[in-house]
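K.L.:
Single-letter residue listing:
6 protein chains.
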Amino acid sequence: MKYHFKEEITPYTGSELVSHWIYKNTGILGDAVVAFTGPCNVELSSMVDLEDVLNEDSIYSENMLHFIVEIFGIPLEEGVLIQRLFTSILQDRINAELGELKIKRMGDDLFYQDTKKLSVSICTVSPTSILIHTGLNIDPEGAPVEAAGLTTHLGIENVQAFASSCMRLLAEEWADTKRSTYKVRAVV
Amino acid sequence: MKYHFKEEITPYTGSELVSHWIYKNTGILGDAVVAFTGPCNVELSSMVDLEDVLNEDSIYSENMLHFIVEIFGIPLEEGVLIQRLFTSILQDRINAELGELKIKRMGDDLFYQDTKKLSVSICTVSPTSILIHTGLNIDPEGAPVEAAGLTTHLGIENVQAFASSCMRLLAEEWADTKRSTYKVRAVV
Amino acid sequence: MKYHFKEEITPYTGSELVSHWIYKNTGILGDAVVAFTGPCNVELSSMVDLEDVLNEDSIYSENMLHFIVEIFGIPLEEGVLIQRLFTSILQDRINAELGELKIKRMGDDLFYQDTKKLSVSICTVSPTSILIHTGLNIDPEGAPVEAAGLTTHLGIENVQAFASSCMRLLAEEWADTKRSTYKVRAVV
Amino acid sequence: MKYHFKEEITPYTGSELVSHWIYKNTGILGDAVVAFTGPCNVELSSMVDLEDVLNEDSIYSENMLHFIVEIFGIPLEEGVLIQRLFTSILQDRINAELGELKIKRMGDDLFYQDTKKLSVSICTVSPTSILIHTGLNIDPEGAPVEAAGLTTHLGIENVQAFASSCMRLLAEEWADTKRSTYKVRAVV
Amino acid sequence: MKYHFKEEITPYTGSELVSHWIYKNTGILGDAVVAFTGPCNVELSSMVDLEDVLNEDSIYSENMLHFIVEIFGIPLEEGVLIQRLFTSILQDRINAELGELKIKRMGDDLFYQDTKKLSVSICTVSPTSILIHTGLNIDPEGAPVEAAGLTTHLGIENVQAFASSCMRLLAEEWADTKRSTYKVRAVV
Amino acid sequence: MKYHFKEEITPYTGSELVSHWIYKNTGILGDAVVAFTGPCNVELSSMVDLEDVLNEDSIYSENMLHFIVEIFGIPLEEGVLIQRLFTSILQDRINAELGELKIKRMGDDLFYQDTKKLSVSICTVSPTSILIHTGLNIDPEGAPVEAAGLTTHLGIENVQAFASSCMRLLAEEWADTKRSTYKVRAVV
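Protein chains in written order, with the working numbering: chain A, 3 to 190; chain B, 3 to 190; chain C, 3 to 190; chain D, 3 to 190; chain E, 3 to 190; chain F, 3 to 190.
Warning: the hint list may mix true and false statements.
Any copy, or any two copies together, can satisfy a pair, since identical chains are not distinguished.
[Claimed, not checked] Straight-line distance between alpha carbons at most 30 Å, and here's what the computed DSS-like set of lysine-lysine pairs gives:
id, residue 1, residue 2
1, K104, K8
2, K4, K180
3, K104, K26
4, K8, K180
5, K185, K106
6, K8, K185
No wet-lab data here; the hints were simulated from the structure.
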């Protein structure tokens, strides 16, 4: 899995969560994770979480750190597991940065001080790949729920360095997951 | 996924990591996680991690909390992802118990104070299921590497209550993972 | 698999055979079967059976008992097998109701007195699920072929009770199918 | 799927339920169903149904009509669905032969007059195929449960003709199932 | 796999590379390969190779021998392997026709005299099948790159006979591939 | 896919065709192809081709170039396609070496001058991987059928260089196959 921080500020509207968006926008082919920052404004018609659509839960944030992950040739269920493992990597990375136990994971969500929502995340499937979007508030101003921000609440100023270390850890975890399937004797 | 704490002290020798061990030993049929305590002594001939076999790394601990997970009808790669997510659940559960950031996850291993190994874990595949064994030292006395124990180092005395809450969280995570595959619109 | 009888009369036009129709129209998430009654009028542009499209076989019935089944994460071939097993369940249920051997199954079709078509059925696939529509004529008036009706020919008046018992049997068959994969030792 | 009636009387002991038994014993390569008659005596150590093993339910019948089905390259869950569809075919075939509604299917079992067990059946998996054994009592003398026989209770004397028509129907159903996956437009 | 030479001259525009094109245009249902001749003009908006789209590489040839292959129920990766094996079959067939080693395969491309491009090929996936288009220049006049033609450069005049023998070889290779999965004992 | 020429002369007896043989004998983990030279003597009890076992076709050659390929996490059918593509690579490589069209491929066999068998090959499956053995006679002395040898008949003296270029081409083909699945837009 390759990884890349896209330096241009890029709004996330939901239409980015399609197959080959990474290839078309960065030239990177194959399994990859790309990060960028920008506002988040996903209208109902662009949402893939049908529970949110039924509840008319829009997603809005003035500035987020966005991750888009695309992995080819695996089923949705495996994609959801990778999404959650990535959420756990983000949690660990932030806690390590702070040196304190401040972030909790519940499924694919991260919370600061138990109730302030730090993240949004979804995993879906295209005909050839699974796709994950995870967004972390940098500044939660304007979010529709009680929320926290990477910079405003957690003091993480160098968002690019933070993003790159998270992406590297995900790439390593994925490589190591595959490696674990190579070295094991089957049982009866 | 059902879960069960098996109260009898049960040594873990590696021969338990086979399909239907849970069914034959607890009567629970289908996807399940079972926990028990007992010594851990896996001889090279019973090990499924071929890297450990090549390195002649035996596994020994006087008293461990053991988890055996069996999930039917999924491929090994998905099993390894579940193994790692479970490792993350254990890490979170211990850190929450301690109220401090003491446990780190590296792949399928947990460390206390960066270097003391708390766990052993492996995921393999049978013809009908994936199987995970994760063991946490209760008392690491006699372990072949620098190690920490749930009770001796982390002060967790009620191992059964701890195990049950970890198993419940895994069962919820797995149910919620499946749920996430039901509610999402595919993309192009 | 959950099941539900939707009491509102609901026309079936073919556009209902899409992923998450059940979720959006009943709030039931995940594997499910839903039944309702209403006219059936599927225009060629909405048909998924391309053989029917080539033959310009439209589907029409003034009043049908409709079943829509959605099961996530399985391939089309498995969906077709479930469709046929459900057809067999309907056959058995009607024969049992009548106490006589009146209904025959040929593939995914049911016939009364060998030649009167009682049912239409199709199984297709969405990006995340398989989908089955099976319709049983209640009153075959207006059908384009020789046809029989549940109420008009077979005397089944309580269509809802009939539908519910069929759905319950399908849910049990599916649960029992999964159970059968848990309890069996593999062979060489 | 090819089909063949093996004319030699052949005892069924459970050891026949392995991959390539059909190929080695009849020369038929690939997806196939083979029938033969002979006593049935499966000892606990040869049983693949672990529920029966736990309950110490042995299988015994003085003379049975046996079917062995092998299909390559499909998962166990799909095999179980085929097993049940085949059970339904047997049920229909017998009821049609008798012209009466005498046989009921419950999962993979057939009953005569609600309580007399006519069949045993199991589906398992080898590394390359799924395997089904279904046995119908010809004469249930000596069976460990209340049982019925094809010839003794149902008056079917020409067991070979009966077996051949059942096998032909299974082969047609399987071909038609595949055909159904070729002709259908996917939906969103 | 059935095969068929469609005698009408048929332009290839890219819109033919969709599921069930073969069924709708020839009446052949299921796994199949169809050949025809005609001009090739694929505009960027119809191209499925996104690398070509990014590079704005259009595809044009005045007259080509086209093959369209559709195989149901297999993943894209397997489709790409079949595409390359078919490319190898074409290479062998031409070399055998010429009695000389004139054609080289590089991935899914064929070259004459190392540099003259003889073919275009792509493999993609629909919701129910994989689809392959392979086109061989008959007369490369107007091609955007240095190119060779079956008739103009290689002297193959009877294009239909050539096409039919290639299709027969592909059908045999596919049948033999399946056969190879039936006759092999698994190992540990 | 990694590749490696194992310089020690190593007899091939069939027992090498098991999962993780490459890892245990060369330390290479994961998808890999390894080549070595040595006599070939596979007794019936070690053969995985059951057709050969039924025909009592033993395999014997005084000196062969052996390739063992292991690829994890793919089904047998895909393995057989890779086996045949590798056979095609070997054919091309030898023809290129000779500058003449001397070698023909029929399925997984290579022939010199139409009738002299150059190769033996089989593809099978372990619980975690597919495994391919392909052997090319260096000196066919003692072979049970009319045979040709790489060195004796084709004049290829530097067997190691030849093997390494073949393995490199296979590794490139496999990487390029995966790449082809990343860059393609799906169709309807």
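K.L.:
Hints first: check each against the structure and report whether it holds.
P.N.:
Hints, verified against the model:
no.	hint	in the structure
1	K104 <-> K8	within (28 Å within a copy, 34 Å between copies)
2	K4 <-> K180	both (15 Å within a copy, 15 Å between copies)
3	K104 <-> K26	neither (37 Å within a copy, 37 Å between copies)
4	K8 <-> K180	both (27 Å within a copy, 25 Å between copies)
5	K185 <-> K106	between (32 Å within a copy, 24 Å between copies)
6	K8 <-> K185	between (35 Å within a copy, 20 Å between copies)
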